[in-house]
Amino acid sequence: MKTKLIKKADIIAAAVIIAAGLAAFLFLRGGEGRMAVVEYNGKTVKTIDLSEVEKEYTFTVNGDLDVEITVTPEGIRFSHSECRDKLCIKFGLLSQRGDMAACVPAKVSIRITGGTGGTVDGITG
Amino acid sequence: MMKKKTFSVAISGLLAAFAIAVSFLETIIPTAPLLPPGIKIGFSNVAVMIAAKNVSFSSAISVSILKSLFVLVTRGFTAFLLSLAGGLASTAAVILIFRDKKSRFGCVGAGLIGAEVHNTAQIAVYSLFIGKAAFYYLPVLLCFGAACGALTGITLYFTEKLLKSDIFYNYYPNASDTHGKDNINNE
Numbered sequence: 000m001k002t003k004l005i006k007k008a009d010i011i012a013a014a015v016i017i018a019a020g021l022a023a024f025l026f027l028r029g030g031e032g033r034m035a036v037v038e039y040n041g042k043t044v045k046t047i048d049l050s051e052v053e054k055e056y057t058f059t060v061n062g063d064l065d066v067e068i069t070v071t072p073e074g075i076r077f078s079h080s081e082c083r084d085k086l087c088i089k090f091g092l093l094s095q096r097g098d099m100a101a102c103v104p105a106k107v108s109i110r111i112t113g114g115t116g117g118t119v120d121g122i123t124g
Numbered sequence: 000m001m002k003k004k005t006f007s008v009a010i011s012g013l014l015a016a017f018a019i020a021v022s023f024l025e026t027i028i029p030t031a032p033l034l035p036p037g038i039k040i041g042f043s044n045v046a047v048m049i050a051a052k053n054v055s056f057s058s059a060i061s062v063s064i065l066k067s068l069f070v071l072v073t074r075g076f077t078a079f080l081l082s083l084a085g086g087l088a089s090t091a092a093v094i095l096i097f098r099d100k101k102s103r104f105g106c107v108g109a110g111l112i113g114a115e116v117h118n119t120a121q122i123a124v125y126s127l128f129i130g131k132a133a134f135y136y137l138p139v140l141l142c143f144g145a146a147c148g149a150l151t152g153i154t155l156y157f158t159e160k161l162l163k164s165d166i167f168y169n170y171y172p173n174a175s176d177t178h179g180k181d182n183i184n185n186e
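From first to last, the protein sequence lines stand for chains A and B.
So for the first sequence, numbering that gives the first Met the number 0 puts the first residue at 0; every next one is plus one.
So for the second sequence, numbering that gives the first Met the number 0 puts the first residue at 0; every next one is plus one.
Calculated directly from the structure, the hints in this document are not laboratory data.
Treat each hint with caution, since some may be false.
[As the list claims (entries may be wrong)] Result set (EDC-like, lysine to aspartate or glutamate): computed pairs, CA atoms no more than 16 Å apart in a straight line:
| # | chain 1 | residue 1 | chain 2 | residue 2 |
| --- | --- | --- | --- | --- |
| 1 | A | K3 | B | D99 |
| 2 | A | K85 | A | D65 |
| 3 | A | K6 | B | E25 |
| 4 | A | K89 | A | E67 |
| 5 | B | K39 | A | D84 |
| 6 | A | K1 | B | E159 |
| 7 | A | K1 | B | E25 |
| 8 | A | K85 | A | E67 |
| 9 | A | K3 | B | E25 |
[To be verified] Listing some non-contacts, in silico: residues in chain A with all C-beta distances to chain B over 12 Å:
| # | residue |
| --- | --- |
| 10 | V15 |
| 11 | E51 |
| 12 | T71 |
| 13 | G74 |
| 14 | C87 |
| 15 | G114 |
All C-beta atoms in this analysis are idealised placements derived from N, C-alpha and C, irrespective of residue type, glycine included.
Just chain A, same shape as in the assembly (with noise of 0.2 Å):
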């Protein structure tokens, strides 16, 4: 069976999956505030504003790995963990709406939302 290369319906389907993802990383970034959510086993386990933070500082979330998240005026990031790939810390620091990081072995992600008003749950779990 031979196929062609390249057919119209290709370009097509690059063109709208392409508006589709910038379209959803538009809307992502869009709105007011930085909130930093940070979250285990998909409950939330901390929210920061962003925005109010002034000295840098860590902390640990037990997951189901401990994982070092710092906090800086700048964003946030995950700075220890515990995993093999640690590929947590390879998406560095996160300082837009939209951004996210996680660690899947220890089931501990962090992205940044839109809003204001950080309430600092207490870390759990």
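Take the given structure of chain A and dock chain B to it, following the hints.
Relative to the frame of chain A, chain B by itself:
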């Protein structure tokens, strides 16, 4: 001349070995400046597409499962689940495209759709582990998946050109004529 079934098993094994080797290389070659973390081009999908197009659909599924089993052995259960979900979903998508002989999609489209289905399935499983944050990565994956998928499609096209002139033309078309008895159920 090789029997059809023997050919199918042999070529599936070769393609699976290729898929495993390539996906392993992709994990150790750093792509940090070019691609966001966790994103790979997915050249092993070329093996799955070759299997789906030229051998059989069951061969494509075998290649994809064998690849995931290698991930299970080397990278653990979580990675295995992610690999299997993405692999099976994209294999299904690629099979659907190639099953239609008059498909509207070319090689680039097949690679692209395979990649996007792979990414979306992985995000779905990812969200079972880490929750909503998984979907925040979807826009990035959709955009890079389009580029990476197109690249695997282009690779498929040129790989097939090379293969057609050698393995598939020399062995496969004649195989079914010679050993009818052994020629059972190969799609």
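Right, here's what the structure says about each hint:
no.: 1; hint: K3(A) <-> D99(B); result: 14 Å, holds
no.: 2; hint: K85(A) <-> D65(A); result: 12 Å, holds
no.: 3; hint: K6(A) <-> E25(B); result: 28 Å, violated
no.: 4; hint: K89(A) <-> E67(A); result: 14 Å, holds
no.: 5; hint: K39(B) <-> D84(A); result: 14 Å, holds
no.: 6; hint: K1(A) <-> E159(B); result: 9 Å, holds
no.: 7; hint: K1(A) <-> E25(B); result: 28 Å, violated
no.: 8; hint: K85(A) <-> E67(A); result: 12 Å, holds
no.: 9; hint: K3(A) <-> E25(B); result: 27 Å, violated
no.: 10; hint: V15; result: 10 Å, violated
no.: 11; hint: E51; result: 21 Å, holds
no.: 12; hint: T71; result: 19 Å, holds
no.: 13; hint: G74; result: 14 Å, holds
no.: 14; hint: C87; result: 8 Å, violated
no.: 15; hint: G114; result: 14 Å, holds
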